[in-house]
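Enquirer: Here is how the chains run, residue by residue.
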Amino acid sequence: MEERCGFRGLGRALEFGPLTQRLALPSLLVVSCLLSILVSSASHPEIRIVNAERRIDLTSSIVRAYLTLKVENIGSSDAVEVILAFSSTQGKSISLIKASVPEGKRKKKAYIPLVVKPTASSDTTDEPYLFSISLNNPLKPGLTTVLEVLLVQTHALTPFPAEIGQSETQLVYYHDSAFILSPYHILEQTTFIKTPSKRIESYSREEPTSIGAAEIKYGPYEDRVPYSVSPIIVHFENNNPFAVVEELTRIIEISHWGSVQVTEHYRLNHGGARHKGVFSRLEYQSRGPVSGGSSFRHLLVSLPPKVHSVYYRDAIGNISSSHLRGDQLKSELEIEPRYPLFGGWKASFVIGYKLPLHDFLFESPDGRRYLNFTFGCPMRETVVDHLTIKVVLPEGSKGPSVAVPFDVKQRIETTFSYLDVGGRPTVVLEKERVVPEHSVFFQVEYGFSPISMLAEPLMLVSAFFLVFVSWAVYLHADFSIRKS
Amino acid sequence: MAASVEVQRAAALRNAFGNVLGFFILLLIGVIAFSIRLFSVIKYESVIHEFDPYFNYRVTQFLTKNGIYDFWNWFDDRTWYPLGRVIGGTVYPGLTLTAGSMWWIVNSLNIPLSVETVCVFTAPIFSANAAWATYLLTKEVKGTGAGLTAALLSATVPSYISRSVAGSYDNEAVAIFALIFTFYLYVKTLNTGSLFYATLNALSYFYMVCSWGGYTFIINLIPMHVLLCIVTGRYSPRLYIAFAPLVILGTLLAALVPVVGFNAVMTSEHFASFLVFIIINVVALVYYIKGILSPKMFKVAITLVISIGIAVCVAVGAVLVALVASSPTKGWSGRSLSLLDPTYASKYIPIIASVSEHQPPTWPSYFTDINVLAFLVPAGIIACFLPLTDSSSFVILYLVTSVYFSGVMVRLMLVLAPAACIISGIALSDCFNVLTQSLKFQNLKLFSTATASGDATSEHASGQSKTISDKQLHGEKSEEVAKEKLTKKNRKKEKEKERETTEKTPNKKQAEKRALTLPLEFSVFAVLLIVLLGGFYVIHCVWAAAEAYSAPSIVLTSQSPEGLHVFDDFREAYAWLSHNTDVDDKVASWWDYGYQTTAMANRTVIVDNNTWNNTHIATVGTAMSSPERQAWEIFHSLDVKYVLVVFGGLVGYPSDDINKFLWMVRIGGGVFPHIKEPDYLRDGQYRIDSQATPTMLNCLMYKLSYYRFVETDGKGFDRVRRTEIGKKYFKLTHFEEVFTTHHWMVRIFRLKPPRNRIRVKAKKSKPGQRSTTGNKIDTKGRQNPWH
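Listed in order, the protein sequences are those of chains A and B. Its first residue numbered 1, the first sequence is counted upward by one per residue in the working numbering. Its first residue numbered 485, the second sequence is counted upward by one per residue in the working numbering.
The hints are simulated quantities; they were obtained by calculation from the structure and are not laboratory data. You may find that some hints are simply not true.
Label-pair distances were calculated between CB atoms; the ranges are [to be verified]: (1) B/Val1050 to A/Ala214: 39 to 49 Å; (2) A/Arg482 to B/Leu687: 37 to 47 Å; (3) B/Val1015 to A/Val467: 49 to 59 Å; (4) B/Ser1174 to A/Glu215: 58 to 68 Å; (5) A/Asn372 to B/Leu597: 51 to 61 Å; (6) A/Glu215 to B/Lys527: 51 to 61 Å; (7) A/Thr158 to B/Lys1236: 28 to 38 Å; (8) A/Val461 to B/Val1015: 20 to 30 Å; (9) B/Pro596 to A/Arg380: 48 to 58 Å; (10) A/Ser462 to B/Val715: 15 to 25 Å; (11) A/Val461 to B/Lys527: 48 to 58 Å.
Each residue gets a CB set at the ideal place from its N, CA and C atoms; glycine is no exception.
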């Protein structure tokens, strides 16, 4: 059975001709490694997928896939987890996987989130990435359940051609498999791929395949064995801003005097097709939307309400092109980098703002304080390759602990700011590949006694007092060497 | 007896009160001096201004990052490519070290101020210091009242504001403080004869040498004053103490500054001090001998000394003249020479003449820069002559010389400003003194029937209070303390002061008596007029600070019906360069933009505002004035990848490269004679319309500025020159446009990579290409100075 599958994948790849010829080798590798791991995956034979629907949304630079899996336990014992598999290339670009179980019907439908964990895989890079979803209620033999999975991928769209001129539109590739990669037997499956515009240059066919307005439908395919693969390529137009923040550092400073100061350092990059040749301002200004369609000028930053003292600047000063709109529920900051960003162009800047403390800092009954703040990047539809969040707690706070709903690297360091002696404990959180879906609240809890707020004013008072005292002493004392 | 004690106590209380008041007035003056310079931050932003400040800022960044030792040894390879520049040895480090240590202190207190913030606010801080220094100097010359008035005037004088608004991070901001403070210490030493102040004076002079090339003004002015004192028979040991240590210590210290080094003893700028040093020693010797010899013996000695002395002097003088004459500039630097001979620069050094701040000022600029002070100065000079003391003669000499220098270069108006403030402060305070005294007198006459003796006592009391207030040197110290616990040092001071005041009081009393005769109406009217004058001055200063001198010049704004429109093109271009070009790419532009490019874009430049190598600048000038192909070759040989031009034709920004272009031609032609200015002028007129010469229309600057410009409006109308451009449709063969800013103010072009050799050869042989590029160019070797 496995052999059939392998040859099949290879055959498909060859059939695509020159466009996908370069895929032949990777798919061969994938297939060969699949053969090797099938033995290990044989330990989950008791589950099969009755029906699978996959909707892949390619309308922005971030790829989102919604999977609806109807899982049936055909084994004899309870199933506590369901395994998801992704090919090695796909796995590297995965930013987020969320799974949930819908409960209730229609209007009362609620989604109960499930825990998703990567399973330990061996070091070889070509193996598929496996994630296990632990079910809240073990699935009894013979029963079925429905799982909703959201998969977010970054950098999954490859621009082709890789370099374009100013007035050309941006075309990208999307690679995937027509069949859902799964360690289980899938009885029936369909894949829908949604593109941002009708302009689709080419796409692979895996019958039955049909194309609608800005949507390609693969399937339904029936009765596919575990780890079936049929590589597909979609080549389409995507002029959406490929805004990639290569590095974002958010510094959240808590002052118990009444404000939270947020400073965000951005290193922005246009991650789409590289700009080639000349940039003519004349063409950009006279034929704006046509010329430079893949470039972007405006970026929208969503900030919390009641934000004030907003600034937007870079290393050489203020950037004058920004607008702040706000109401009771949210504030929006529209910023423009100093110049329009074409493919491969970079810009770096800093956004800073202040927020009222009582909106974000709360006191728990046991006297500890906790900060409730959003993780992720406040910029819309933006990928952050490397995010660092530094929460600077006030001087004198003790025992900070962090609650984040997903895996992040954590460490504690000390920062020194205005007249600090002991330094401020700083919680540092780091995460790679952050997408808008990561913008959820996280909590930092710490102990703090209000007495330490008085330390610095007292220090200043005593310093001035000492100055005056020493002055008075100088005036009253006689410092001459020889007394007259 | 008891009554006199009572009077004394009342006077002491009054003085203590006056001192506190004076202290707070000074504090407020400092606040005014600081805050009037913040208009630029409020109206624009906290950013470094203009050109030179960007270099200073970059040096400060380097200093704070790498420390002092690396700073001294810093060889900067990001400028003057491929020559580089030894920054540590060619920069006046005073400003940088000041701001660097301020930053260090602030950061060691864990106050997280950025280097930029410290740099932006250095100038306002130092102008407050300068105001206080003015107070000290004027107080030394004419008393506390004059001091406060002068400090207030100098806190807001527009000329100094122009160089020290927040963000104007330039040497002058610190140097003016150092200049005034050095003068103060000199006058202080002159008045007290204390070696302590003489040493401080030398240190302050050292700080001035560190800060600004204008220190030569000090080292020439003080000898001039010493000479003046000697000639007018005012020689005293105090003069010797004030001058001799300054020359010795000052010269030794000055030689420590790398940029000065041996210049402190080698160049002609410093000779005056040595000459006067010899003279003052001779004079001191003469006075000494005169003191120990009988008059007859003294005459014999004089004839002997004079005959030998003349012979020695002639010999030494001949050697000196020979030495000096052997150097082509007679031992003077170009800038000093252009000061002594205002026509020198325009004749020989176009690079100095091309800078607008080196031009002579116009009359209106005197009015905008020192305003009503110009009218008060004559009155102040008269006040300084009543009576003429050593210190007041120094102030007069300072004023006269600085008036001359400001007449030569606009930039030196800055040196005139403090002098004008001091003199006007003296004038104003004397006026007020006279008028209020007569008011007081009239009041007494009107409202009391007291006898003349009563008047006399009141007059006496006021006179006494004045002497005591003069006595009060340290405004901060309370009178009682000073009286009860006099240290020896203080007592000495007291004695000296007493001596001085006894010298002064008769004059003062006379003046008062004369003043008292003014009628009431006249004095009220005059006081009102003076207040009005002062009000006018304040309004003008605030206007100058807010409107005239606060623009940072890297951001331009214009008022339009829809509101403020911001032109931020320079930073747009620099940000683009810094993010989207390779770190080691070389950018060529006219030297004005060199400092900004290295500081803001962090790219290597060919020439910058330091202008130390005329040939290099001439090379860039030649490239800009050459046809495209020759220009490409010159730039290519310099490894240039990008060429940056500033173009104001679209939005009407007048100081763009096309308007500066004739200087490029002149400077280029000065070194490479095949560039001739007349080739770019039609009948002596500089024009870019259809009447322009073909050389002009084909030069690189024209082409880069106007590339595809015609397509914006169909006609190619240049809003700066107010004309349609001459050559509208043309293509670039060796350059390509890579970036143009939003308002087209900065355009960046990339050099196309060299073509295949065969193709280039084929092109060369094409005769058509040549004829359009002008026929005077024949040999390739002459085009490109680097081949």
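Enquirer: Determine for every hint whether it applies to the structure shown.
Expert: To see whether the hints hold, each was checked on the structure:
no.	hint	verdict
1	B/Val1050 to A/Ala214: 39 to 49 Å	40 Å, holds
2	A/Arg482 to B/Leu687: 37 to 47 Å	26 Å, violated
3	B/Val1015 to A/Val467: 49 to 59 Å	38 Å, violated
4	B/Ser1174 to A/Glu215: 58 to 68 Å	59 Å, holds
5	A/Asn372 to B/Leu597: 51 to 61 Å	31 Å, violated
6	A/Glu215 to B/Lys527: 51 to 61 Å	55 Å, holds
7	A/Thr158 to B/Lys1236: 28 to 38 Å	30 Å, holds
8	A/Val461 to B/Val1015: 20 to 30 Å	41 Å, violated
9	B/Pro596 to A/Arg380: 48 to 58 Å	31 Å, violated
10	A/Ser462 to B/Val715: 15 to 25 Å	58 Å, violated
11	A/Val461 to B/Lys527: 48 to 58 Å	36 Å, violated
The earlier numbered hints that this structure contradicts are 2, 3, 5, 8, 9, 10, 11.
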